[in-house]
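Asks: What follows is each chain in one-letter form.
There are 2 protein chains.
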Amino acid sequence: MAKYVYFFGNGKAEGNKDMKNLLGGKGAGLAEMTSIGLPVPAGFTITTEVCDLYYKNNKKYPEGLEKEVEENMKKLEKASGKKFGDPENPLLVSVRSGAPISMPGMMETILNLGLNSKTVEGLAKKTNNRRFALDAYRRFIMMYGSTAKGIDREKFDHIFEKVKEEQTRKRLQIPEDKKVNDIDVNAEELEEVVKKFKDLYKKELGVDFPEDVKEQLWGSIDAVFGSWMAEKAVTYRKVENIKGIIGTAVNVVQMVFGNMGENSGTGVAFTRDPNTGEDVFYGDYLFNAQGEDVVAGIRTPIKLSELEKKDPSVYKQLVEIRNKLEKHYKDMQDIEFTVEEGKLYMLQCRTGKRNARAAFKIAYDMVKEKLITKEEAILRLKGKDIEGLFYPIIDPKEADNKKKMYLVSGIDAVPGAAVGKVVFTAKEAEQQAANGEKVILVRRETSPEDVGGMHAASGILTATGGKTSHAAVVARGWGKCCIVGCEKLVIDYDKKQMTVNDKVVKQGDEITLDGSTGEVFLGALKLIKPELPDEYKEIMKWVDETRKIKVRTNADTPYDSENARKLGAEGIGLCRTEHMFFDTEERRLAIQEMIVADTVDGRIKALDKLLPFQREDFKGIFKAMDGYPVTIRLIDPPLHEFVPHDEKGQRKLAETVGVPFEKVKDRVEQLHEANPMLGHRGCRLTITYPEILDMQVRAIIEAAVEVAKNGVKVYPEIMIPLTIDAKEFHLLETRVRKVADEIIAKSNTKVEYLVGTMIEVPRAALLANKIAQYAEFFSFGTNDLTQMTMGLSRDDAGKFLPDYVDEKKTGIFKNDPFQVLDQEGVGLLVKMGIEKGRSTRPNLKVGICGEHGGEPESVKFCVSVGMNYVSCSPFRVPIARLAAAQAAIEQGKK
Amino acid sequence: MAKYVYFFGNGKAEGNKDMKNLLGGKGAGLAEMTSIGLPVPAGFTITTEVCDLYYKNNKKYPEGLEKEVEENMKKLEKASGKKFGDPENPLLVSVRSGAPISMPGMMETILNLGLNSKTVEGLAKKTNNRRFALDAYRRFIMMYGSTAKGIDREKFDHIFEKVKEEQTRKRLQIPEDKKVNDIDVNAEELEEVVKKFKDLYKKELGVDFPEDVKEQLWGSIDAVFGSWMAEKAVTYRKVENIKGIIGTAVNVVQMVFGNMGENSGTGVAFTRDPNTGEDVFYGDYLFNAQGEDVVAGIRTPIKLSELEKKDPSVYKQLVEIRNKLEKHYKDMQDIEFTVEEGKLYMLQCRTGKRNARAAFKIAYDMVKEKLITKEEAILRLKGKDIEGLFYPIIDPKEADNKKKMYLVSGIDAVPGAAVGKVVFTAKEAEQQAANGEKVILVRRETSPEDVGGMHAASGILTATGGKTSHAAVVARGWGKCCIVGCEKLVIDYDKKQMTVNDKVVKQGDEITLDGSTGEVFLGALKLIKPELPDEYKEIMKWVDETRKIKVRTNADTPYDSENARKLGAEGIGLCRTEHMFFDTEERRLAIQEMIVADTVDGRIKALDKLLPFQREDFKGIFKAMDGYPVTIRLIDPPLHEFVPHDEKGQRKLAETVGVPFEKVKDRVEQLHEANPMLGHRGCRLTITYPEILDMQVRAIIEAAVEVAKNGVKVYPEIMIPLTIDAKEFHLLETRVRKVADEIIAKSNTKVEYLVGTMIEVPRAALLANKIAQYAEFFSFGTNDLTQMTMGLSRDDAGKFLPDYVDEKKTGIFKNDPFQVLDQEGVGLLVKMGIEKGRSTRPNLKVGICGEHGGEPESVKFCVSVGMNYVSCSPFRVPIARLAAAQAAIEQGKK
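Protein chains in written order, with numbering that gives the first Met the number 0: chain A, 0 to 893; chain B, 0 to 893.
These aren't lab readings, by the way, just hints derived from the structure by calculation. Where hints are given, some of them may not hold.
The list treats identical chains as one, so a pair stands whether inside a single copy or across any two.
What the hints assert, rightly or not - List time: in silico BS3-like cross-link candidates among lysine-lysine, alpha-carbon distance up to 25 Å:
1) 2 - 77
2) 830 - 726
3) 769 - 835
4) 769 - 830
5) 565 - 859
6) 495 - 369
Throw the hints in and build the complete structure from the sequences for me.
Replies: Structure follows, in structure tokens:
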């Protein structure tokens, strides 16, 4: 028979810490603490499975549950020596929700359950403290009424305040400028409050406050399960991308009272400092209070360090428990506890949240303390922990200002924060930045022509696009704060302003972006930029010793390359050459001249102008990557991305190049494509215009020869993009070798280079065995491969992909496939491509250069399918290194 | 050792008819005819391999060739009893090119080779006919000079004409209004001509006309091999898509003379009538002439029927040979022959070209004559033969007018011909057609909004797009003449005119389209429309008995459905429902109202208006397909294809629907997509707007129930487009069943329906095993599957795909993958999809509904991978039936 309820008490528990999914985090923690001998009040947990069945069965509980709860109440009565609803010796319990993942959106706690007009008197007698009993009762009525039954809490507060003001203040003659504290209210007044609370309850709900303690219990259980699908909770799960958990558990625990006098109290603590990671006991304690008082902030709690002086006995108990917990869990714990007349009770224990810095410090320290191994330390860290170390953030002290200045939210494309004046064109961004202004570039969407301005801006905000839109990808490459798909923005380029609902933001107005959350604020918030802790550096050494595959970077400039080296990149996996066409006006004009030329000679003439620029760029990159391979992708984007689409730009181009305006205009129109993603781009350009390939290969190899002469170890890997056929690749590869070998032969220098291909079109993966006849390496371009395999344009998916990822709506995909590689579909092609490729060429070098190369789950996949390296944006390099190490450990275990 | 030369003579031959690739068509024919005892002058063939080696080795002949030719000349001298270059008894030969496929672009023939100033006298003496010898000589000089050495033939003609006019006319006193015939010229005059020809030769080439007969021979051989790569020949191969043959052969054959008097002559014939297929001997004969005279049309030949009377002895020889040939080759032959003083010699024999009608008649008759089996008849026919039966064609008598009226050429998207007045908008087309005008719709490109006008037009001409562009696909569905990608057209919609180079064509001007060739003519040419021959019907019965898979059609209307049934369709494989949204203004407005609505209720309201229309359409289609399955695809195209993109249209929509214009405008802008092919379309629309699915399923099932009540056997198959995931499909399938089952349950009628999916995105093929858990059938949408698997937008591929198919440029693809399924890549996915699908659901029904379903090679592939049916445009149904039967025969043989 199904078991729906798990008991714990008196040192024994039916559950344990590994049963989080079934018992929730809280339930599993209580069970575990009980088992290891910590002082935990007895109680039981109703499983998450009940929650699941409850919703699957039209909000009915599974058969047998009621009986099981009853039996467990009996056990609890036995363990506590009290009786539920007994006027003489009443058992009081708390009812708390507890999902496998902590979830603030849900119902929290009901305390003191079991009190009614009779038991309250029993409690008074038993404790010899009528005030205490009545205080417990009024708290219970309020919590039950508001939390379980939905009565506005303020109405309770209002009644209580009124009594305090009209009766307590008068009675104690408290001056008007001083606050009346809860503890000032006496028993008589509380009796009045209780009465008025009950009246309110009846008025609001039309029934009396339940005298029946069982009704109280089930009302609370109903409320917990009901809160699982409350809008707040659903939204929270959606926002936090919490999936795959079936429901919440309910914990029914014997009450212990922190409000039984000055030798009682309640507190929360972390076993180490969650902000710095330091090995200090960190927390708050409130004398003579119940848990909710800490949260409500009614009185200011004291620090644990003070508790050591004020109540050394309690502090000693706490320290013992802290040590026991850390030894047991081998991680920093977040605990809740209550002291009842000098005796400590543990109410909760879970792995404590910490910031990035603390995560590294704690992991490092625990290795040094021999609590955990290096491998465990590595497995414990997350990509987000690394990210958090690098990006500037909004000063946490700005919390209040954030609320006031909040403007709108978009998609959090690149984390970090940025402040600047709004500009609406790339040109404006460049000019103002040149004048020393910090600017935020706001565009409907960005294109390669905007790259200069994007680089100049401190942050980027777009109205359209998803996490792999042009803006997001480019910004990520620089680690530049970026928010995209902020669909509520209405941008008016002519008026140089944007509106959000009714708010107008004009060019020059300051805004702040929080790329980690996607929030935009109107005005300037203070930012802070953290320094890298030593523990990070140490742990990353262990990471590099552990991982088995290389981590390269996607970088297009010497600057990015140097930066990536510092972040641990072992070469470049993707150097996009097209950005080199845009860096300056001069280059831009040369490529445009090439495009409007209508003869091979005309194109060669224009390309010759670009050659020295590209060569210089490559030299810088090779130097930065001395000793490491550099994979250079030949021209990829469709030509229409390089030409001006406005009349003014076209006229200027016509004038500069010396061709009629109409011809330029016609050429631009001719370049228009219905589906540019599937159009004339990639190696199709070099099939049509092989002279572009010639120029690019010349620039690469001449640069390589030059730096090699100066002692730089240079390993160029020339990469053909968008290959779909072995013959196609072979034609281009032959041409590459012809140009390259001629230069090398003339140079009297030895330069070894490889020629390989992107695998980014499904057909290339399907025919990888044939392509590998000629290709020396494969680099999976999983951005495009995802687009084509799934038939999903990343620029357009924003309109419907959310429906696919939204669990409430369809839940078709667990993740955005542009964020996390679709292992089931796209991954199958990747695997097939590698296997087929290596069936022809066993030593085929294989890597990934799509955005997925920096996403931990995807990196692990890349390791599992036997890639030689991953490549990602410089700022993701440490994340990829960590993920690669984790994969090595995890896959080593299997 | 390599053998480069193959001899034939005296009843024996080293080659045979199966060696076409090595000996060319002519060489193989001569060898075969020699072997079966036909009178063939002796000779030898230099193989195509020599041609291949010649080009591979920088225009040098392979070692040993010269010796082999010499040895064969010796054999030939022996066989003929004459000696090459011998002044007493000279051996004369002809030199002819002969590729494996007949190729008009190449050098044809040099006759009388071996004549020089000495041998001409020997020939004169030997034949006792000096005039004959000199006539042969002047012909030889002219042919060698022009054909082998490139001297303008007109210059020779001019000399000859001058002698005829100035000397022969005077001598014979021929009146000015009568022509001087070649035979009127006497020996003296010919001597003069020969002298002047030699002078011309020297003047043009700077060397004397060769006296050395060996030099003559090698000069001619050089010329034949040289002509293989001449521009004319290369272009011809490109246009005709001739690939995979390595070169031409050279045939050196002893001369026989048809010009030795009135008991000599020359002729060409077909063993049956190539126009009607009738079993009559069909050909032309010219007394006292050499082969070139027939071709040149200098004198009018007589019909073979006349020859029977005029020279019964020769005719009898011919008939015997004809009978022998047909029995031997079992097919109609195209022959060339010469009669030398009463004795017949065969000079060529090859399978005769015939028109579509004749192809069926001959195949049918030969089966009846027991010459061939039904299977052989089926294998012999081609898709083009069927097409040729159906489409109107330009009256062959208009040949001269065609030359005069030729305007420009585009891509031959849909064969047939059309005449009409040019219009530039769909609306104009509809209006003028309503007034009874025949119009040709000329557009830069077409979109679904143009469909009404396209339907109204007699033919369609677009400046952009390839064979699977919107215009081509839609037109093909109707079998409507269509030319696309006519890139030289410059259309000015404002001025209502188009220009081609400098010619201006205004709205209302008449043009003629030949969709079979892609030619456009300025003015109206006469068209004729053939009737279907009985032999076609009989053979198609055999075809249907033979094939093993079903052939369905792609049809969207009752009209198309009925038409397709007549053409043999066994159900509908693809009924696109979106065309139903466009049929009338009323429907168009309803779908647009749905699109601009911003609530579910608003959309449902608009959809309710469409419901009755769709239901009526389905009823008509179900009735037409009584007893056959009908696969209906739910809405597929992106919504922006349904909305007006011009301000006027948007204003009208705003007014009609009663929403502000700005809102309509915004909505249209919002619908814009960067890559619509990979955007919000297919089932993604019904994920976002499930109410559309509800309406469509309702329309389908209500229609099915209604017609079922009237005794129609109805088998709806509801198809979800663009599926990429099993869960996605399952969600929609469940919704389909819910709507459908409710209607059926209420109806008290039994309607069986299936729910399946298109497989048109690579991911769907990769995960077919999972999708098949829920899908009852798969239909491969190979148009989109090709686009995504190859990363090729069919709308944009026109700019670069030709480079991929062009053998001279790259030759990467053998065929346009939108025409002929890419079996290597896309086909691999199809195969994988079927295997994976059937691994889950062994009885999974599988078909194809892309354009490939009507292309013979692709149909054969579909048979080989085990599909249950193919589906194609109505007009392609018979072609698919034939291909399916051929596949059954061919694959049965294996």
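Asks: Confirm or reject each hint.
Replies: Results of checking the hints against the structure:
Taking identical chains as interchangeable, the C-alpha atoms of residue 2 and residue 77 lie at most 25 Å apart only when both belong to the same chain, with a minimum of 20 Å there against 107 Å between chains. Taking the closest pair of Cα atoms, residue 830 and residue 726 come within 25 Å of each other both inside a single copy (22 Å) and across two copies (23 Å). Proximity of residue 769 to residue 835 under the C-alpha cut-off of 25 Å is found in both arrangements, the shortest distances being 8 Å within a copy and 23 Å between copies. Within a single copy, residue 769 and residue 830 get their C-alpha atoms as close as 16 Å, and across copies as close as 18 Å, so both meet the 25 Å cut-off.
Taking the closest pair of Cα atoms, residue 565 and residue 859 come within 25 Å of each other only inside a single copy of the chain (23 Å); across copies the shortest separation is 58 Å, beyond that limit. In this assembly of identical chains, residue 495 and residue 369 lie within 25 Å of each other by CA distance neither inside one copy nor across copies; the values are 60 Å within and 85 Å between.
The structure fails hint 6 only (numbered hints given earlier).
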